[in-house]
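*Asks:* So the chains spell out like this:
There are 2 protein chains.
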Amino acid sequence: MTDRILDYLRRTPADGPRLVVDLDVVERNYSAFAHALPDTRVFYAVKANPAPEILNLLASLGSSFDCASVVEIEQVLATGAGADRVSFGNTIKKERDIARAFELGVRLFAVDCVAEVEKIARVAPGSRVFCRILCDGAGAEWPLSKKFGCAPSMAPDVLEQAQILGLTAYGVSFHVGSQQGNVQAWDSALATAAGIFREMAERGITLSMVNMGGGFPAKYLRAMPGVPAYGEAIFNALRTHFGNQLPETIIEPGRGMVGDAGMIEAEVVLVSKKAETDEIRWVYLDIGKFHGLAETMDEAIRYPIRTNRDGDAKAPCVLAGPTCDSVDVLYEKTPYDLPVSLSIGDKVLIEACGAYTTTYSTIGFNGFPPLASVVI
Amino acid sequence: MTDRILDYLRRTPADGPRLVVDLDVVERNYSAFAHALPDTRVFYAVKANPAPEILNLLASLGSSFDCASVVEIEQVLATGAGADRVSFGNTIKKERDIARAFELGVRLFAVDCVAEVEKIARVAPGSRVFCRILCDGAGAEWPLSKKFGCAPSMAPDVLEQAQILGLTAYGVSFHVGSQQGNVQAWDSALATAAGIFREMAERGITLSMVNMGGGFPAKYLRAMPGVPAYGEAIFNALRTHFGNQLPETIIEPGRGMVGDAGMIEAEVVLVSKKAETDEIRWVYLDIGKFHGLAETMDEAIRYPIRTNRDGDAKAPCVLAGPTCDSVDVLYEKTPYDLPVSLSIGDKVLIEACGAYTTTYSTIGFNGFPPLASVVI
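Line order of the protein sequences matches chains A and B.
With my numbering, the residue at position 92 of the first sequence is 92, and numbering never jumps.
With my numbering, the residue at position 208 of the second sequence is 208, and numbering never jumps.
Which copy is meant is left open, so a pair is good if it fits within one copy or across any two.
With a straight-line cut-off of 20 Å between C-alpha atoms, the simulated DMTMM-like cross-links for lysine to aspartate or glutamate are:
1) Lys-333 - Asp-136
2) Lys-146 - Asp-298
3) Lys-347 - Glu-95
4) Lys-347 - Asp-312
5) Lys-314 - Glu-351
6) Lys-273 - Glu-95
7) Lys-146 - Glu-332
8) Lys-146 - Glu-279
9) Lys-219 - Glu-27
10) Lys-333 - Asp-298
11) Lys-146 - Asp-337
12) Lys-273 - Asp-157
13) Lys-333 - Asp-278
Since the hints were derived computationally from the structure, they do not count as laboratory data.
Build the full structure now, drawing on both the sequences and the hints.
*Replies:* What follows is the structure in structure tokens.
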């Protein structure tokens, strides 16, 4: 974690949990993606963290943006970035939201069925659409369900219908699953995408673009490959499946762009045991599932945690949040090793919290305010 | 569902999902609790729905309030109810929050360990404390973990320590699990509580109160016993275990007070299939897990849903929310029967949404605003 964040926390003590994001790390991550895949456009997944300072920085660095809603599109346009740098990447859109995006200048839309194509044809005529296909997500720590995308066999019909209705059938997208640890995960999806390109060519329609989605990991407790390893594997897969006719390509990092740029400072509220004879302690923090750490759901994401007593002996504990909700437990099935000396009132630092924390926070469950956030 | 809500929705069409809560139903529920257990004080669990109109109504009806935080205490005091009608029921409290509650006049606090007793003794001298004990939660649709409460064998030591430190060891609390369908669930917990009363008497300390918690169900799809059945079973259990020396008693209904008083109006955004050969449709609404329907987590709560096409043939579908998040699926393991004719743009009414919806809503995940709420 960055000295800048530690410095900031020391200089500005505060009550209550707070996220601090270091823009230098975001800039470093953007550069890593740009260098690893120099011919690929980066569309930052705004939903990961839409803080204006982050959007402004990425806009100034030349990033494009993957938006899930009209509000996110407006947040991006507020940076001064043009609508040509926006993809409306949600496959589930109200027709009036598509119309509003079109009004704002957006011309690139995700679809995964004919009904969505029809909406776009009605209110965003002439736009480019890409069809999202299902992908098995093997190897991801947060695998995706079938919620987004259609079977690859259905994609050519969806794209052909777009062309028939006056849209531009522009390409194919997929997502290999969030926090994807296997750099080869893109290979089979790119093979499938290349097959759809060929099928469309046989139908007389030339596709241009492959949107290779997100999935690039942040560094939590488990070691992960670096961005260059992803770049190399993806480039090799592109060459394997598209040969010399490489399509335009897009990636949509969110977690990989901002995850390790943020750190949450929290406080120990209580340390207790449930019975005199219990071996395991419960440690309660002033932040939990409902105020930023939602991704501990099913203990999926395991955040690194630092304390001022890390030199002391450690023992496993159940780690929980502060709300009157029994679901608000962070790590229980696999208890978390923390110093035995950890005490009420101690501050703890939770690392790699830049993505999917502020936005997942409830508006005020139990009367606790949403997660505070500072960008430095 | 109430005609008042249906009338309101007809008269005031609006864009986007919204919760409408009918105060008449809340009043009816309060009366049902007051009649079923006439000697028991009702402490409404504010976290279920802290809308000012609901708190004002309940304050005027004579209710007391179970609060999870200083903000909730302030919300209750804003109704004009005195601090003697407040219980700070969270067992996990910062010492400075206890101090603030004490300053505001609160004198009743939950504990489940000696460390929490010590905080209260330091900053809320002379207050009453009750010790929460663990309860197995069998029969609950949303069973509780071990997060709150200590083993019953530990409770006498916790309470004795309170007395030693100048507090009043006031009683015992437990929670039989949320959405508890078994009216007998209170029996074994009351037996345990009576045992702690006897043990304390042997130590020369007379306990006064049993806080019997919440757990009273709302009516979702599955039929549940009515409030009178709970009242009768609880009264019988009290007589069995406390004989003629009935303690003061408290209940803390949240879901049971407001759950069935609210209805969410939502809109169908997309209906699609993932492959031409799929039998099952996906129906996407403009509300999901992150904007009010968090309690569909693990498909725990199954909301009744009405449409304008309920006379038509029905077929199972996967029901999902509108965000770019694969977790945002409401019912998939057990698909939901909805009319085959259900179409994009149709409104749907989701019943029994008065509790744990607005407060669980994220502050704006994916750029979608928090759940709108109207109280009529």
